[in-house]
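Student: Residues per chain are reported as follows:
There are 2 protein chains.
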Amino acid sequence: MADKANRKEVPYKIILSEDEIPASWYNMRADMKNKPAPMLDPGTMEPVTEEALRHVFCDEAVRQELDNETRFIPIPEDIRNFYRMYRPAPLIHAEFLEKMLDTPAKIFYKFEGNNTSGSHKLNSAIPQAYFAKSQGLKGITTETGAGQWGTALSMACAFYKLDCRVFMVKCSYEQKPFRREIMRTYGAQVTPSPSDTTEVGRRILAEFPDSPGSLGCAVSEAVEAAVTREGYRYVLGSVLNQVLLHQSIIGLETKTALDKYGIKPDVIIGCAGGGSNLGGLIAPFAGEKLRGESDCRLVAVEPASCPSFTRGRFAYDFCDTGRICPLAKMYTLGSSFMPASTHAGGLRYHGMNPVLSQLYHDGLLEAVAATQNDVFRAATAFARVEGILPAPESSHAIKVAIDEALRCKRTGKAETIVFGLTGTGYFDMVAYGKFNDGTLSEEPLTEEALQKGFAAMPRQ
Amino acid sequence: MADKANRKEVPYKIILSEDEIPASWYNMRADMKNKPAPMLDPGTMEPVTEEALRHVFCDEAVRQELDNETRFIPIPEDIRNFYRMYRPAPLIHAEFLEKMLDTPAKIFYKFEGNNTSGSHKLNSAIPQAYFAKSQGLKGITTETGAGQWGTALSMACAFYKLDCRVFMVKCSYEQKPFRREIMRTYGAQVTPSPSDTTEVGRRILAEFPDSPGSLGCAVSEAVEAAVTREGYRYVLGSVLNQVLLHQSIIGLETKTALDKYGIKPDVIIGCAGGGSNLGGLIAPFAGEKLRGESDCRLVAVEPASCPSFTRGRFAYDFCDTGRICPLAKMYTLGSSFMPASTHAGGLRYHGMNPVLSQLYHDGLLEAVAATQNDVFRAATAFARVEGILPAPESSHAIKVAIDEALRCKRTGKAETIVFGLTGTGYFDMVAYGKFNDGTLSEEPLTEEALQKGFAAMPRQ
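Chain order of the listed sequences is A and B. In the numbering used here, each residue carries its 1-based index in the first sequence increased by 615. In the numbering used here, each residue carries its 1-based index in the second sequence increased by 615.
No lab work stands behind these hints: they were computed from the structure. None of these values were measured; they are calculated from a predicted model. Be aware that one or more of the hints could be misleading.
Pairs count within a copy or across copies, as identical chains cannot be separated in the list.
As the list claims (entries may be wrong) - Keeping only pairs whose Cα atoms sit at most 30 Å apart, straight-line, the calculated DSSO-like set for lysine-lysine is:
| no. | residue 1 | residue 2 |
| --- | --- | --- |
| 1 | LYS650 | LYS879 |
| 2 | LYS648 | LYS785 |
| 3 | LYS776 | LYS1049 |
| 4 | LYS628 | LYS776 |
| 5 | LYS753 | LYS714 |
Sequences and hints are given; from them, build the entire structure.
Tutor: So this is what it looks like as structure tokens:
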């Protein structure tokens, strides 16, 4: 609780100085007694080797991915210089939201949307591009759905003068031209997937000439484009342990800002798709829990349409629908699982980062699922008092932060709630429009759809 | 020049504390020997009275509009509280741009895009909504083209729980649904104009059922909706002197930030449409010039397609195409002037704020016109090194800042250049897309089009 915090002394926005940008990322795995299970090679079903991963990922990325021991990993100076362009991100005291809710709770949110990618994704795009550049590579490849990750990576590659090839799910490429044009403005080559530029793309097009594409197919094309091209590697914006490591900058800054005002959070809330934001936000706080120094609650919020924590299984599964990437032990709905077509709120990944999965399995992390009309209702209420138009993804956290604040109101407890506001919703106005029109529908997840996803999982 | 500034001590972003948000707006007019000419009533062609303006605008807005004497006008505490949600805006040292240009110049830019309206427009929307609320009004009306001003006003009205009715040019309403939905998310009622909700709208629809609308028509509808409704007034986001007053917060913060590091600017550059950003950015620096304390150059950048300073006349003209608003003495291309349909870079207003017009006339302000392909080229180069994707409007200032920096490179002078980055280009990706495709065309302004505009101006 914020016992020591004199509320009048806390500004509306706590903004650290550039000197206070963390000098190291924090690796939660070092403090975990139960380490995340190793990834398995899809060919041998044996733990994947560093050697094998190096064909696909940059060397430093592979090292970070497999490092379960080093607690703090220094952030290279060049990366910190780039971080200075949009960091430190503000920790905002949501006093107008508190007033609206008439709650004794203190609410803070860490806002990661003040950069052109519009989200926290840039925090990992920068180091991944930097490591590729440092290794002397010519370029990197990736896939993108709606385009948030692709935008972030394009920005990072433009800065480091690295070729960037983005395979964008074809229906998004056609229906969401704005993000595509942002990527092109940053010099990226954006290819609608499936495409005729890869073997796998041509195979799919031969069979389904009118395919609208899928993330799984785009992953396969991006990996192929990397491994068949001299001087290229593949990068990924979520799910991986290295991504959580980079994103720990969110939590480290949050903790520094809170510590400055003597504020101890009672509950920390983050939205969860693949886990990149949640894992970053909670990192130092989970570390305290792992070391027995704190009993702060940590809460993941996922969409009711894609509830890997709350309705998934903790098991080895494929990370991609194409089944060419290593398997990970994680909470998963099955790599063939697809959220209902009515789902507009993002966070569509079928699985969850292995570190977070282990924390959840060990009872250190809670999870709750939210329906999308509830999420957009919270988003709209928040926007009207706090000014920021939140991304639907981020709004999952807003929804549960409001629930927690209302619980405090009922119990009269002045708890301190911190949540992650991962980004802005400027490119999600089609979904907002449906909500404004009252036509944002909700298709409850059926037991049948769940079982179908589970049935396609590999034998354990 | 930045003689005293130890460059190493200047952070990448100079961010003031919330306590340093200015306590007063600065009114340039108080320091002008040649005051801007009074507005004229379109019926009588006599100077317009406070009484007459009160039927259309809020009382406090009218006072501020006509006040040529008070140097500092206190910012009410409620407004400063709202400003804290996104201000102080950062003054960014463009070190990556300097490096790219290999210039001895020091370049700084004041970034106003870190809020959901995406631009500086919110700085004036807040006080205008607040004054309406304080006067006990129920709501306010306005027009919007692309939607930047409408978005800002919707945000301010949501916060103050004020009804907000926006008449949006019909073709924008249909072609740019994103901004429309942002306004609706903030609770505004958005009506495509011409509409059947006003007398003037019905008249236009009767004559031109398929009219795509125009700003002039939307102004007329918004004014009618205000004056015919109990408890409503009309508000405007640019051109007016009160708007410049509110926007002076941009320049005041910029000056405080520069003073902190002992930096004296040699040239200050702002884009100019109606003049709201330029007038705000240069305000305290123009004040110094007016008082003979500085010889800093002040530069307006306007689109070559709508060059009111560089090719317009300094004369009394109508502020709106509907000719129902008062006349102002300003640099103008004629109220019937329309930029070529190929023009995509914003800043489409036919005239220029009267204060800025007077400063330009008196030689205190320079002006230069830029063609849009040059502007988008500068925008793209800037985005790739400085990260921020700029609005086309703002990019006019970037273009000329780069030109000035290259001049410094040729002359070897380490001048300090400051420019205003008014906002982000997230909703301008159609124009960026054309530029990326090499299909952004340019139609030079013909002498014929100019003369046609002048011919429709009132007799002086």
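Student: For every hint, state whether the structure bears it out.
Tutor: Consistency of the hints with the structure:
1. LYS650 x LYS879: within (27 Å within a copy, 56 Å between copies)
2. LYS648 x LYS785: Neither: 43 Å inside a copy, 62 Å across copies.
3. LYS776 x LYS1049: Result: close only across copies, 23 Å inter versus 40 Å intra.
4. LYS628 x LYS776: between (34 Å within a copy, 23 Å between copies)
5. LYS753 x LYS714: between (52 Å within a copy, 22 Å between copies)
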